[in-house]
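With the hints as constraints, model all of the structure from the sequences given.
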Amino acid sequence: MKFSLFSKISRALKSSSKKHASDKPPVTSQSSTKQIFSDVIVATDDASHTSKNPQPKTSEANAAIEARRPSLADSEIAFNKVAINRRHAVYNARGNSVAYGGNVISSERRLPGDGGLPAPRAHRDAHVIAAACDGIALFQGLHPEDRRVLYENMYQLDYGPKEFIVRQGEDGRNFYIIVEGSPIVQIKGDKKGELELEKKLATGDTFGEVALLHSCPRSASVLVGPGEKERVKVWALDRNSFTKLLSNAAFARRERFAQALRNVELLKQLNDYKKLQLADALVPKSFNAGSAIITQDVVEGARFHIIEKGSVLVKVKVGDSTQTVNKLGPGDYFGEVTLREDVPPTATIMAEVQTETLTLDRASFKRLLGSGGVQSLMDGNMKNYVYDKSCDSPKTPGGSLKSASVFR
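In our numbering, the protein residues as written are 14 to 421.
Derived by calculation from the structure, the hints in this document are not laboratory data. Fair warning: there could be bad hints in the mix.
Here are the in silico distance ranges between beta carbons for each label pair [claimed, not checked]:
1. 383 x 140: 38 to 46 Å
2. 367 x 136: 19 to 27 Å
3. 269 x 305: 41 to 49 Å
4. 157 x 365: 16 to 24 Å
5. 216 x 253: 23 to 31 Å
6. 302 x 169: 32 to 40 Å
7. 257 x 130: 17 to 25 Å
8. 383 x 216: 47 to 55 Å
9. 169 x 383: 49 to 57 Å
10. 158 x 374: 17 to 25 Å
DSSO-like cross-link-like pairs, simulated, lysine-lysine; straight-line CA separation at most 30 Å [what the hints assert, rightly or not]:
11. 298 x 340
12. 287 x 246
13. 322 x 246
Each residue gets a CB set at the ideal place from its N, CA and C atoms; glycine is no exception.
In structure tokens form, the structure reads like this:
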């Protein structure tokens, strides 16, 4: 094929030189050379395909090409869609409204974690945010470490006179905490759009937490007052960051819990799958120094505890006095006697320092640890948990002072 192509090019050049032999030496321009090559290639390509795929008539071929070619209207529509999408992205980052078919999606500013412009982070003011969010149920149900991560990943936004922070009826994006200023809340009626409610918010107030869970229309507008010197500063958290941070925190916490379970001698016989099941069921608890985690003879709120951080003191009431008989630390556990035997706690467990435990309620404890080898080990250990009420001190069956390690 290559030799045939070169021979055709050679014959084309020779015929061109003979045609201009009586004239001046021919000067082949770049365009004419390209034309010669294109003619030869087209002719060669046509010759190679004619025998296999006979070509339709010229008019029919042109008609087929025109039918496949997009119309000018289609091209304009495609171009307009691209332009609208780009404008939408830019306007969202800047906090402008974008409408499709007259329906405004949102004019709220996008935060850096949601594709918005850069903004200062709140890691230095996490304690201020924590105080403001103290009464919000959405945050109260989170682990303290998860709350801290969320607070540190909030962003600072500033608004000027008459500027809207959120607009009634638009989809919500962010949760806000007021740091400075007194923005105005306005609620308009559904029918006539008349103002039904207007009030001012103060520093420390919050709004928009529903937007962290799902997208829904705002029930009110919040805007800065009309005065020339009116300014409002807020800390904001977007839904994407909220979901991502909690998801990452949940995965990290599961791995942390699994690692803590590996340090519990009682649970070392469990395989990795069982440990992960157990880790998913654990509920973390935190106790201040001096607080009673379990109270002797009080069944209410009894749980199985594994100490993750800190230390606890085991106290037994003997007559009118209370004796400290043991001290437990990370990897130790307590509370299994009440759940296994359905009896009141035999000792008071008090946090010596700030202590964090991983806990199971009665149902989870019996489902995950109430059978198999773990149950046998617990039964063996519990045989040593003896208290002789006839004496004024803890006793073993032999009558000597009981080892501190047997009290849970």
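Status of each hint after checking the structure:
no.	hint	verdict
1	383 x 140: 38 to 46 Å	holds (42 Å)
2	367 x 136: 19 to 27 Å	holds (22 Å)
3	269 x 305: 41 to 49 Å	violated (26 Å)
4	157 x 365: 16 to 24 Å	holds (19 Å)
5	216 x 253: 23 to 31 Å	holds (27 Å)
6	302 x 169: 32 to 40 Å	holds (35 Å)
7	257 x 130: 17 to 25 Å	holds (19 Å)
8	383 x 216: 47 to 55 Å	holds (52 Å)
9	169 x 383: 49 to 57 Å	holds (51 Å)
10	158 x 374: 17 to 25 Å	holds (21 Å)
11	298 x 340	holds (19 Å)
12	287 x 246	violated (49 Å)
13	322 x 246	violated (38 Å)
Comparing the model with each earlier hint shows violations of hints 3, 12, 13; every other hint is respected.
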